[in-house]
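Residue numbers (this note's numbering), protein chains in the order written: chain A, 1 to 144; chain B, 145 to 288; chain C, 289 to 416; chain D, 417 to 544.
None of these hints come from the bench; they were simulated from the model.
Here the structure is a predicted model, which is why all the values come from computation and not from measurement.
Everything hinted at is true.
Straight-line Cα separation of at most 20 Å, SDA-like style, residue types lysine to any residue; simulated pairs:
#1 K371/C <-> D39/A
#2 K16/A <-> D149/B
#3 K499/D <-> T519/D
#4 K16/A <-> T227/B
#5 K160/B <-> S7/A
#6 K418/D <-> E450/D
#7 K79/A <-> A161/B
#8 K290/C <-> R318/C
#9 K418/D <-> A442/D
#10 K16/A <-> M289/C
#11 K16/A <-> S218/B
#12 K483/D <-> E512/D
#13 K356/C <-> D297/C
#14 K484/D <-> N515/D
#15 K418/D <-> E162/B
#16 K16/A <-> A150/B
#17 K499/D <-> E263/B
#18 K160/B <-> G78/A
#19 K160/B <-> Y440/D
#20 K499/D <-> T181/B
#21 K16/A <-> G222/B
#22 K223/B <-> T181/B
#23 K499/D <-> T287/B
#24 K290/C <-> V182/B
#25 K160/B <-> P443/D
#26 K16/A <-> K223/B
#27 K356/C <-> E407/C
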Amino acid sequence: MSPKDASTVELVLPGKAEFLLVARLATSGVGLRAGLTVDDIDDLKVAVAEACTNVINHAFDDSIPESERRILLSLSIGKNEMTVEVEDEGVGFDPNALERSQRDGLDGQGGLGFGLMRELTDSLRVESAPGSGTRVIMVKRATR
Amino acid sequence: MSPKDASTVELVLPGKAEFLLVARLATSGVGLRAGLTVDDIDDLKVAVAEACTNVINHAFDDSIPESERRILLSLSIGKNEMTVEVEDEGVGFDPNALERSQRDGLDGQGGLGFGLMRELTDSLRVESAPGSGTRVIMVKRATR
Amino acid sequence: MKIRAEQLDERMAVSHVAGELDAYTAPDLRDALEAHLQQGTAWIIADLTSLTYLDSTGLGILVGTAKKCRQAGGDLAVACNRKNLLRIFQISGTHEILNVVETVEAARERLEALRAQREERTDGEATS
Amino acid sequence: MKIRAEQLDERMAVSHVAGELDAYTAPDLRDALEAHLQQGTAWIIADLTSLTYLDSTGLGILVGTAKKCRQAGGDLAVACNRKNLLRIFQISGTHEILNVVETVEAARERLEALRAQREERTDGEATS
Ligand SMILES: Nc1ncnc2c1ncn2[C@@H]1O[C@H](COP(=O)(O)OP(=O)(O)O)[C@@H](O)[C@H]1O
Ligand SMILES: Nc1ncnc2c1ncn2[C@@H]1O[C@H](COP(=O)(O)OP(=O)(O)O)[C@@H](O)[C@H]1O
Chain A
1 MSPKDASTVE
11 LVLPGKAEFL
21 LVARLATSGV
31 GLRAGLTVDD
41 IDDLKVAVAE
51 ACTNVINHAF
61 DDSIPESERR
71 ILLSLSIGKN
81 EMTVEVEDEG
91 VGFDPNALER
101 SQRDGLDGQG
111 GLGFGLMREL
121 TDSLRVESAP
131 GSGTRVIMVK
141 RATR
Chain B
145 MSPKDASTVE
155 LVLPGKAEFL
165 LVARLATSGV
175 GLRAGLTVDD
185 IDDLKVAVAE
195 ACTNVINHAF
205 DDSIPESERR
215 ILLSLSIGKN
225 EMTVEVEDEG
235 VGFDPNALER
245 SQRDGLDGQG
255 GLGFGLMREL
265 TDSLRVESAP
275 GSGTRVIMVK
285 RATR
Chain C
289 MKIRAEQLDE
299 RMAVSHVAGE
309 LDAYTAPDLR
319 DALEAHLQQG
329 TAWIIADLTS
339 LTYLDSTGLG
349 ILVGTAKKCR
359 QAGGDLAVAC
369 NRKNLLRIFQ
379 ISGTHEILNV
389 VETVEAARER
399 LEALRAQREE
409 RTDGEATS
Chain D
417 MKIRAEQLDE
427 RMAVSHVAGE
437 LDAYTAPDLR
447 DALEAHLQQG
457 TAWIIADLTS
467 LTYLDSTGLG
477 ILVGTAKKCR
487 QAGGDLAVAC
497 NRKNLLRIFQ
507 ISGTHEILNV
517 VETVEAARER
527 LEALRAQREE
537 RTDGEATS
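Looking at chain A on its own, in the form it has when it is part of the complex (with noise of 0.2 Å):
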């Protein structure tokens, strides 16, 4: 893992619960520097958090032993924004399912992480395929 440039910090996590308060934390931090507000950070750190939540939830199969369950995190300054990458190594899935489990809502058995992800930043790319892995690439706007 190697840094694209000298304003993205990245973090490897171990796909566990107990490290989602560490991928929260290091959103706050490299967002204070980005300039965000304070409200900015807080949208910003649940969508983070369910970005993660989901890796821990649905990517890893019984295949997959526990020291490769990782998160991979990476945290940019841009120029008044911020992008966040959340990676795995996972199962993968179809993203133009997505639509569909999203109309189940909160009432069927998911598509509110997602639903969140999109409301509380201002750009979501899902980048994912069954067997391949995931990367969820957000872009939170600066307000002020």
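With the hints as your guide, set chains B, C and D with the ligands onto chain A.
Below, chains B, C and D with the ligands alone, put in the same frame as chain A:
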């Protein structure tokens, strides 16, 4: 970079003072999960920041482009303790020369950083040599 | 996250929740709310006025508990006054079904009112 | 980190510092303290009662400023009451030379006393 086990968080930070805050916040998060007290964490945050500040101030000469000036921070949860490694691929130094510089104390040009790291942790090891980068390994036990 | 249980009357209780509610701490909240239901308390207030963080995992537990409360003849209300958390209730569309109000007092009033309605309806059915 | 300057009298000023003082924010404190000296104020109080973080970089600036104050005929005192920061002053051995006391009031008294001593001594020299 691949974590040694399922209880290690690894960070790659740009070697700039701007990101010391992120190093401290990540230390807090892992410290809480490691069962450290708030006082333990306050101490360890300073020790980690001292090691990172040294990387920023001493590790890089003009031959190293900004994009390669990185701090590698590894935070591991152990049994009633937490281990921190701060690593750089910079110019390195002779740790044996440290004792001399310590005598200067605050009045001289330095030596306070390692003094604080030693006092604020339960174990400190410095691995370095001119030309081969530096690794500082600190252990903080949970008091309680 | 810290949770403290308070029994208001035979059928109504509060879980006072402080700190951060995420996938790591959520099981503790689920257990605490489940305990109320197990004890026959189906009118539950989740006091989140000291909660600083909430995401979909916490929402899922609150929504699931609200359903169980209703199945048991009661309901759930949430006390919450922090802007960042209220935003989460709003954009997730859970503000109404979770009876989100600003204070524990207001939550209690909300549940008392629902209970009165429920009893009226039952009385009506019984006498019709 | 936030800094607010307050002039107490012609020769004494306070820098009220809040937040975190590390290698990133240190230049701002150095500039603020330097500004007092530039304006001829050599008796300086660093009010760190709202500071939450301090390490060797901040200590370096405080020690450097204390020296300059003394060279200019004044001195520096630090107001600090947080346990974690006091530990840093103690183990770095800077508690005495930085005149660390708990409140801005106590810091002012300390500097007034030093100033009185200094003037007495100067008077003594002048009349001897
Ligand atoms: N990192 C991931 N790896 C594999 N599948 C994922 C990942 N993230 C999301 N998914 C899939 O997308 C679905 C929708 O996710 P989300 O909107 O967060 O809701 P929920 O997590 O509640 O199901 C998940 O149920 C899962 O099937
Ligand atoms: N990461 C590093 N790379 C190169 N040299 C270092 C590094 N860390 C420490 N040093 C050397 O060790 C000396 C002592 O460090 P320290 O005790 O922290 O005091 P100070 O940083 O104030 O000089 C430094 O002056 C420097 O020469």
